[in-house]
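**Q** One letter stands for each residue in the lines below.
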Amino acid sequence: MSAMRTYSVAVVILGGALAVALLSLLPAEHALHVPGYVVALLGKYLCYALLALSVDLVWGYVGILSLGHGAFFAIGGYAMGMYLMRQIGARGVYGNATLPDFMVFLNWQELPWYWGGFNHFGFALLVMALAPGLLAFVFGYLAFRSRVTGVYLSIITQALTYALMLAFFRNDMGFGGNNGLTDFKDFLGFSLQSDATRAGLLVASAALLSLFYVVCRMLVGARFGKVLVAIRDAESRARFLGYRVERYKVAVFVFSAVMAGLAGALYVPQVGIINPGEFAPANSIEAVIWVAVGGRGTLVGAIIGAILVNLGKTIFTGALPELWLFALGGLFILVTLFLPKGVVGLWDRIMARRVPAPPLVAAPVRQPEAGE
Amino acid sequence: MTEVTDALLYLDGVTVSFDGFKALNTLSFVVAPGEMRAVIGPNGAGKTTMMDVITGKTRPDQGTALFRGSADLTKLDEAEIATLGIGRKFQKPTVFEMHSVTDNLLLALKGDRAPRRVLFARETLSERARIDEILETVRLSAVRRRLAGELSHGQKQWLEIGMLLAQEPELLLVDEPVAGMTDAETADTADLLRRINQTRTVVVVEHDMTFVRALDVKVTVLHEGSVLAEGSLDHVSADPRVVEVYLGR
Amino acid sequence: MKIGKTKLALAAGLAMGLGTASASAEDTIKVGILHSLSGTMAISETTLKDVMLMLIDEQNKKGGLLGKKLEAVVVDPASNWPLFAEKAKQLLEVDKVAATFGCWTSVSRKSVLPVFEHDNGILFYPVQYEGEESSRNVFYTGAAPNQQAIPAVDYLMNEEGVKRWVLEGTDYVYPRTTNKILEAYLKLKGVPAEDIMVNYTPFGFSDWQTEVGNIKKFGSAGKKTAVVSTVNGDANVPFYKELGNQGVKATDIPVVAFSVGEEELAGLDTKPLVGHLAAWNYFMSVDAPENKAFIDEWHKFTKNDKRTTNDPMEAHYIGFNMWVKAVEKAGTIDPDAVIDAMIGVSVPNLTGGYSAMMPNHHITKPVLIGEIQADGQLDTVWQTSGLVPGDEWSDYLDGSKDLISDWRAPLSCGNFNTKTGKCGGETVATQ
Amino acid sequence: MRKFLVTCALVLFAALAANPAAADPVEDILTGFASSKYDDIEKSIDALAASGDAAAPAILDALSAGDLQVSSDKKLYIKGDDGSLKEARSGADATGEIPPGLKAVKVNNRVRRAIDAAMGQLTLLSPDPAKRLSAAASQFHAPDPAQLPAVESAIAKESDPAVKRAFEQARAAIILVKSDAPDADKIAAIGLLAARGDEDAKSLLDAATASGSPAVADAARGALKGIERSLAWWSAAQNVYYGLSLGSVLLLAAIGLAITFGVMGVINMAHGEMVMLGAYTTYVVQQAVMVAAPGLTDYALVLAVPAAFLVSGAAGIAIERSIIRFLYGRPLETLLATFGLSLVLQQAMRSIFGPTNLQVDNPSWMSGSMDLGGLAITYNRFWIILFAVAIFALLTLVLRKTALGLQMRAVTQNRRMAASMGIRTGWVDSLTFGLGSGVAGIAGVALSQIDNVSPNLGQSYIIDSFMVVVFGGVGNLWGTLVGAMSLGVANKLLEPVAGAVLGKIVVLVLLVLFIQRRPRGLFPVKGRAVES
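Residue numbers (our numbering), protein chains in the order written: chain A, 1459 to 1830; chain B, 40 to 288; chain C, -14 to 416; chain D, 21 to 552.
It should be emphasised that the hints constitute simulated quantities derived from the structure, not laboratory data. We put the CB at the ideal spot given by N, CA and C, even for glycine. Just to be clear, a hint being listed does not mean it is correct.
[Unchecked claim] Okay, the calculated beta carbon distance ranges per label pair:
#1 C/Lys46 - D/Ala518: 55 to 63 Å
#2 A/Met1631 - C/Asp383: 17 to 25 Å
#3 A/Leu1584 - B/Ser191: 49 to 57 Å
[Said to hold, decoys possible] Derived coverage of chain C by chain A (criterion: at least 3 residues anywhere in the stretch with Cβ under 8 Å from a Cβ of chain A; other residues may be distant):
#4 57 to 70
#5 91 to 102
#6 157 to 165
#7 370 to 384
#8 397 to 403
[Unchecked claim] Here are the simulated lysine to aspartate or glutamate pairs, DMTMM-like style, with alpha carbons at most 20 Å apart:
#9 C/Lys202 - D/Asp226
#10 D/Lys151 - D/Asp81
#11 A/Lys1643 - C/Asp139
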């Protein structure tokens, strides 16, 4: 893929978001005014897109099918949530300056030690990136060193996120149990209720997504990326050539987890809540489906897939509240059956018919991961 | 306990069992530096398992496996052994199908494999020259831009050998290099291996007797996980036990 | 530039999807229904969607409201909490509904709360909950802990002579809070700590062997024992099946539940469970003309005379009628006017009395204790003599006993601290 | 207390008896049931029991079943199951028109307890040994010194050894609570209770340790120690039983998956929905039997097993033919398609049957529990364990011994070779998937007995099922068996220590670590086939 196209994708994302953000700040009567509802939606979609991008990097390029990426997303989200909780300060309903409301009414006397430091954004930011990264490192180191691959890996990533879900559901953990963290007031001093803050968060999400898109693009285009694809397609060949496969896998897995964590961190202030439901295995599976719908192994596809599926969800849950699951479930089946390369693959096929040119995208023809 | 040996590859008393079945049974196998050795034997004789032990894929239950007399192959993993200088070609040609022929070779070129080095690696002129040279050797210059997955079976075999060469190993393990090749290709391959042998040590596992004869080297016959006979092809062909288990049938 | 085109297409799709609802006529008053129709909560919430459709239908038959027809806007937040917030925003900003009836779990309410406060919407929340909240934009028509839990414990103590207590709950905020309140209350009544056992299980828990075994063991210590169950939704059926099979009889160890109503019992063979109790503000079996009319209407509307009614349905019935009355009183659907008009509105409930909206946005209700019958109904065995006003800030929790809520001017505060005389977070100087 | 009431009642009767208009005191007691106060009803029950009237047991039975009706003129009637009406006292059919204002006498727990106690007195000498046994139990649970002579005379007349033992234990319980019983009697009673050795005996002995007599207190303490030790053993055994029971549920849920996922390599996320289909089939079958042959309702479950197998199996074949077969060799894409499918199936059930739980009854032979030593064995779980083992054995047999099983293994091991030997691989694939799905359906029949029958049923088991199969080793039925049982037992042994939530988390973490140690599960399929 040419550098030209790489940057144009980033420019479209960032430019589009910037335009929407600016238009949303117009007075409500203005013809071009974009309602706050759309800003919030787009912001959410872009965070999902970043999550999808992180899934695609490990699944599309290294063949690691993680059914637990939602865990990294949620951990990043919780780190942000803890920062936002501390920002509430004494404005909670009980007026307690240190303890979040849910601790006050469950009779907690003092802030647990692991909540320390979250009143500083810098520290929180570090945790948003490092906590998912650390978890991914420990998990990846153990799993990839002992060569857990294919479905085994998928299932234990699922076990990981499931165990975390159960853990975060426990009220004794000190993360608010089922209700999670909510009732946020402001972010870096800006009120989360104001339209300008929301527009700003949208632009920040777009910027982060574009940045990671470009980084991923460069990564997979370079020799490093070639090694990743080599590992995906013929892991043992790569080993016998002297590549320490597990190190590559751990490195990419950690990078991808950090990406997912930051996506979660930006997601939380925009939706206003983080709860253990984000750890639900179904959420992680859904993220994989976004990638499949968009086109696995094409970074653009992950972004398109995430936005398309979630847009569909938004429309269907409003327009066909009783039938939308049929539509969504049916879509997943049809895409896997008829569009093995996703929407991007379809697009490429259409383009190839019009202009006979070599395929732009290195989408895999075969998927040998499970048997490897 | 291990004696100092001047053999390049030294296996002694190696035993591997799967669920009670002994794939290798106190196997001893020695290859001298610069030698080319052919290994034959019926299906299930343990040829591939022996390769697995040498390359670190399978850990033996017992026995010694030394490289250059000092490196204990039973303690190292595949990547470390590859870096030591042992290259392996699989029975089924295994190349990176989604990469171009040149990229396949590029990834195989000798160099630092650590992720953080590879992350910032740029292709150098000398690398490009080396790739051109190997492409010539394995006669794939004409298809250098094609995806490896699009190559013919024989071309894939050659590409894999090319990747082995790019690794610049001291010892090459070649598993059935001519399976599925035409007669002409088979002859060419024998020729290629002989040329490679001028600078490197080679162990070839093969079923094709014409090919083995064409190589004209010392032959080891494996049976039920141990060495049945060793010597020139004519010598082992004359051995009645070999005839019974293998050649006669 | 193919991505650019894709993006444009997306934007067009987005606009189309969002435009569908706002295009309809302006001569109706829209009512939002925000209940999960899929996912884990569909099991409870779908019925509430149906009852809202029925109530709106009936109101339209009576000529609508302010001379306009009511129009229901149904969305599916799919038991997904962030989706609740998104859908709430859609109802308020795109559909511009006059009022929304919705949510079941506390977390869904917490998730939409900032949206309703930001967009100045009105939410009617129909389910019993842990209290500790009072928002200007929310009307709580379900029971607060003092309208359910405390009367039930009183009943067991006085009528059944219970001395030993098992507080069994699902591990989330409602049981945690309720049990905290009950523990404080029981200790106040002189129950020693060793006679209280608290246990929590996860959501959707289905293997109750160990827990029921423990309850039996705890109950065999010679003192009359009862179980106070705040076990949630799906976990109840396996819980009760295990209770029945392990032979925990109501005459030995009665179980009183706060989340088990007619709807949950419909999935169970109740014969082994006869005599176990539930505390609510409404039972389908209540003998009152309003209730009979409501049940008839419900059976007619659903074309199924087996459909049960339950407490949250009554809460919506009360909430909807209150809203109608308040809108009529205010003469407009303007949220500020309606919110002000709501306080003091009194409408008939289904148990033969009246419920009134109080300044703290909670309502007055009778408390009923019922025993499970063999036919899956709950039969009232005791009820409060008068109405109990909902108490949002519990008197038994340290953090909240000094707080009150009053949304009338001039106080207009959801968490007024009577000690410091200040409203909510202004009280303490920030560190 | 009760003694006092009885005395009161007797005094009342004496007073009433003096009144010539009320010649029959029992009739007057019966008018007490017309009261709406539970207090009055309770008093009437005690008085009725004390009167020893021949009609008392029938009346009390009817009262506890909710069949006792009272008319506005305070006459009592017993309603039969067929809607017939009998006069309560005489047992004669009620003649004439339906009495005005007829309504059921209200019952609550306190009243039910009074009934139990009264029945305990009335049925001490019943000809039915089962009734005598329950009478003895009720005397044991509510020991009343006033009943001592009655119990002793019952012991004297008893011939059934089991019932006799129960009566003796009841007598021991009464003696222990009787303050003026001699120490020697009490110590003998303690010995008897120590032999009983359960929680109830323990609580009685606990109370006895506070006795004024040091000898009695010492004896009680000694007995307690023994009981506590044996109870600890039983409780450990009970936990293991719980674990096996949970394990058998996991086994049932996972065994179908062991075929579709383990043998065929299809990551079937719709597996849970196959289980759900089985549970819904059970519901439909039970409803149908209730309408068509109400007498056979207890056996509807037996009928549901083949029905569920057929329904889920057919669904499985349909899914294989329409979706899965296009995705062979792309295992991870089967995950996506079947995930979509599971959404569709859940919503379909919601549309057809509604979102609420459906009621599937336990048949009588699956209700209740039995005591085996110190173990409480509930029948439904017991049957499920047997059922799971039977299904496992049957499935192993099918895979080993039948032509289908042989072809199945041939196809999964080497598809091309099997095809060239004339096996219709497509057909075998369909049947294999159908078999796995059908077995999942059967699991649904079992799960309908202990869990919700709702569209969410499958979702709650899918993750556990995958864990079990992966833990046991993909492609190995025995691994699934061992995996399910060890996960079940581990869970249940951890639960009393760590609580249900933490216990499960610990099990999951251990599982993840285990897979790191043994990446291919407990019983990996070894050899070259899996290496390539």
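**Q** Determine for every hint whether it applies to the structure shown.
**A** For each hint, the structure was consulted:
no.: 1; hint: C/Lys46 - D/Ala518: 55 to 63 Å; result: 57 Å, holds
no.: 2; hint: A/Met1631 - C/Asp383: 17 to 25 Å; result: 22 Å, holds
no.: 3; hint: A/Leu1584 - B/Ser191: 49 to 57 Å; result: 54 Å, holds
no.: 4; hint: 57 to 70; result: holds (count 10)
no.: 5; hint: 91 to 102; result: holds (count 8)
no.: 6; hint: 157 to 165; result: holds (count 5)
no.: 7; hint: 370 to 384; result: holds (count 3)
no.: 8; hint: 397 to 403; result: holds (count 3)
no.: 9; hint: C/Lys202 - D/Asp226; result: 14 Å, holds
no.: 10; hint: D/Lys151 - D/Asp81; result: 12 Å, holds
no.: 11; hint: A/Lys1643 - C/Asp139; result: 40 Å, violated
Of the numbered hints listed earlier, the single one contradicted by the structure is hint 11.
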